[in-house]
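Next come the chains, spelled out residue by residue.
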Amino acid sequence: MGISDLDALIEKLKNSALPSEEEIKILCGKVREILVEESNVQVVYAPVVVVGDVHGQFYDLLELFKVGGEPPWTNYIFLGDFVDRGYNSVETLLLLLALKIRFPDRIALIRGNHESRQVTQVYGFYEECVRKFGSATVWRLCTEIFDCMSLSAVVEQRVFCVHGGLSPGIESLEDVEAIDRKQEVPHEGPMCDLLWSDPEEVEGWTLSPRGAGYLFGEEAVQHFLRVNHLDFIARAHQLVMEGYKQMFQGRIVTVWSAPNYCYRCGNVASIMELDEHLERNFKVFEAAPESNRPEKGRVKAPDYFL
Amino acid sequence: MTLATHEVCQTPSYCLYSEGKGIQIDGWSIAVTEGPILSSNEVETWQSRLSLKLPTMVFGQNTLSFLWNGERKFYFSAFDGLQTVSHESPSLRVKPAALWEDKQSTFDSPATNYDWTFSTNYGGTWLLEGEETTLSATQSYLDWPLLRREDIPLLFFKELSLFEDELDDQGISSLSVRLRVMSSFFYVLCRFWLRVDNVHFRLCDTRVYHRWKTNVVIREYSEQEATFEQVAKLGIDSRWFTNSDFMQKILPVTKKSAYRYYVK
Numbered sequence: 001m002g003i004s005d006l007d008a009l010i011e012k013l014k015n016s017a018l019p020s021e022e023e024i025k026i027l028c029g030k031v032r033e034i035l036v037e038e039s040n041v042q043v044v045y046a047p048v049v050v051v052g053d054v055h056g057q058f059y060d061l062l063e064l065f066k067v068g069g070e071p072p073w074t075n076y077i078f079l080g081d082f083v084d085r086g087y088n089s090v091e092t093l094l095l096l097l098a099l100k101i102r103f104p105d106r107i108a109l110i111r112g113n114h115e116s117r118q119v120t121q122v123y124g125f126y127e128e129c130v131r132k133f134g135s136a137t138v139w140r141l142c143t144e145i146f147d148c149m150s151l152s153a154v155v156e157q158r159v160f161c162v163h164g165g166l167s168p169g170i171e172s173l174e175d176v177e178a179i180d181r182k183q184e185v186p187h188e189g190p191m192c193d194l195l196w197s198d199p200e201e202v203e204g205w206t207l208s209p210r211g212a213g214y215l216f217g218e219e220a221v222q223h224f225l226r227v228n229h230l231d232f233i234a235r236a237h238q239l240v241m242e243g244y245k246q247m248f249q250g251r252i253v254t255v256w257s258a259p260n261y262c263y264r265c266g267n268v269a270s271i272m273e274l275d276e277h278l279e280r281n282f283k284v285f286e287a288a289p290e291s292n293r294p295e296k297g298r299v300k301a302p303d304y305f306l
Numbered sequence: 001m002t003l004a005t006h007e008v009c010q011t012p013s014y015c016l017y018s019e020g021k022g023i024q025i026d027g028w029s030i031a032v033t034e035g036p037i038l039s040s041n042e043v044e045t046w047q048s049r050l051s052l053k054l055p056t057m058v059f060g061q062n063t064l065s066f067l068w069n070g071e072r073k074f075y076f077s078a079f080d081g082l083q084t085v086s087h088e089s090p091s092l093r094v095k096p097a098a099l100w101e102d103k104q105s106t107f108d109s110p111a112t113n114y115d116w117t118f119s120t121n122y123g124g125t126w127l128l129e130g131e132e133t134t135l136s137a138t139q140s141y142l143d144w145p146l147l148r149r150e151d152i153p154l155l156f157f158k159e160l161s162l163f164e165d166e167l168d169d170q171g172i173s174s175l176s177v178r179l180r181v182m183s184s185f186f187y188v189l190c191r192f193w194l195r196v197d198n199v200h201f202r203l204c205d206t207r208v209y210h211r212w213k214t215n216v217v218i219r220e221y222s223e224q225e226a227t228f229e230q231v232a233k234l235g236i237d238s239r240w241f242t243n244s245d246f247m248q249k250i251l252p253v254t255k256k257s258a259y260r261y262y263v264k
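Top line first, the protein sequences correspond to chains A and B. With the first letter of the first sequence counted as 1, position 41 gets the number 41 in the UniProt record's numbering; the numbers rise by one all the way through. With the first letter of the second sequence counted as 1, position 229 gets the number 229 in the UniProt record's numbering; the numbers rise by one all the way through.
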């Protein structure tokens, strides 16, 4: 696949045309070669735009590129959760993978908790693949790519970027480096925590009342930043009505990039620009207008429910 | 003149509010309000008023109200629904919790003075006096043959989310209300739906039914519940597990009751 083929494929994807299974196989092979070589802590330089959950809202991703700038003119870090929930996980993921192959140094793809076999079988991506391609082949190819995705990024050695949050099993960035990430997301342990945990107004570390998952407080954040000589943490994973939320005096920020989540929450989304001085500038945006989304908003048809 | 059951009556004259905000029919005004999820500030205010950690999506502006001769008789709202959520921690845990047991002794659990499943039997806020009757699982006051008829004109339809939580991607907890106003009756389904992936299912349904030209409003409540193991034995394709309408047909009824209200 040469550069012109790749550009043509990107154009095709942007017009929401689906590639063939054969093309997807080639695409996955290429992106795999790039991703496996990446470190668990990707080194990224500013200026850069940090993007939170996208969740298959393809037309809103196109809107996001209008707001943040088209790759490669803008440097991006995507914090995972590319798939599930929205109607167009396939288009969303494939476009990001194609861009990754075309501009490997201008776009970092970090794994989210939805980039997993188990989760995608319940929350939409598996079904969408089967519906659009008639079999689970594409889903299987994509889940192998999930296993190769990096777990975090650090911008200019000062901003730690991760999908979920911290882990009590991780003291330093070297501990993140030491994880063998090429596997399905485990149900517990440091790799699981990076993708699942949430900041909360608690002291130190506590367990979620649901029985699995950590909540970490300001102390845990301050400690991690101090040990690793970092300024702050950027993460995603939680819906925020205003598109972003800063906690603990700005030491951790949640970025949410799926506007009108699930086509009915009415929330705005944001992306976070970090300039060369690592100053944060949040760009808030709304869902793509109806005229730009062929699938239309989900207006539920009347039904004779019982 | 009384009509035999499951026969349609003549459509009363009616008037639709603009932008799908409701309908006036046979002395009833049925009004809808809608909005986005609560803002972060509103979440904080509600949390302190309710002493509850809120679900991630609370549709605080969504309401469905029923007025008879201009007087509100019952309505559905997220706030009132959340008020009925228990302040005790349930024994239910997500599936991976078994792998986390060894951490229980090392790490504190936060103040778990709320039900993280947000389970509620909320079936509307009622300003009418009625008497409750316990029903058996197969009993019903509803006119099912009439409700099932799909040849009757549907005059107005609405589905509103009141709250929803993804349980950290371990399932779903949601409270919603659906309405259909037909040429012969109105019918409401207020549903609490809980699925803890690979662990548990729970449905708490409230159905409200009123036939035009009568003075009775019937409210029926049913609770259905089963463990994942019990359901797995039935050999159903797991794709159906996310569909509450389907699961309603197979989950065993554990509780059922009804109210009759007189409005005229």
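Among the hints, erroneous ones may be present.
[Unchecked claim] Okay, the calculated beta carbon distance ranges per label pair:
1) A:P168 x B:W144: 53 to 63 Å
2) A:H277 x B:R49: 39 to 49 Å
3) A:K12 x B:Y141: 23 to 33 Å
4) B:Q230 x A:P168: 16 to 26 Å
5) B:L234 x A:V130: 14 to 24 Å
[Claimed, not checked] In the DSS-like style, the derived pairs of lysine-lysine whose C-alpha atoms are separated by at most 27 Å in a straight line are:
6) A:K182 x A:K12
7) B:K255 x A:K182
8) B:K103 x A:K182
Quick caveat, the hints were computed from the structure, so don't treat them as lab data. From the three backbone atoms N, C-alpha and C, an ideal C-beta is built for every residue, glycine too.
> Hint by hint, which ones does this structure get wrong, listed from lowest number up?
Replying inline: Hints 3, 4, 6, 7 are the ones this structure does not satisfy, whereas the remaining hints hold.
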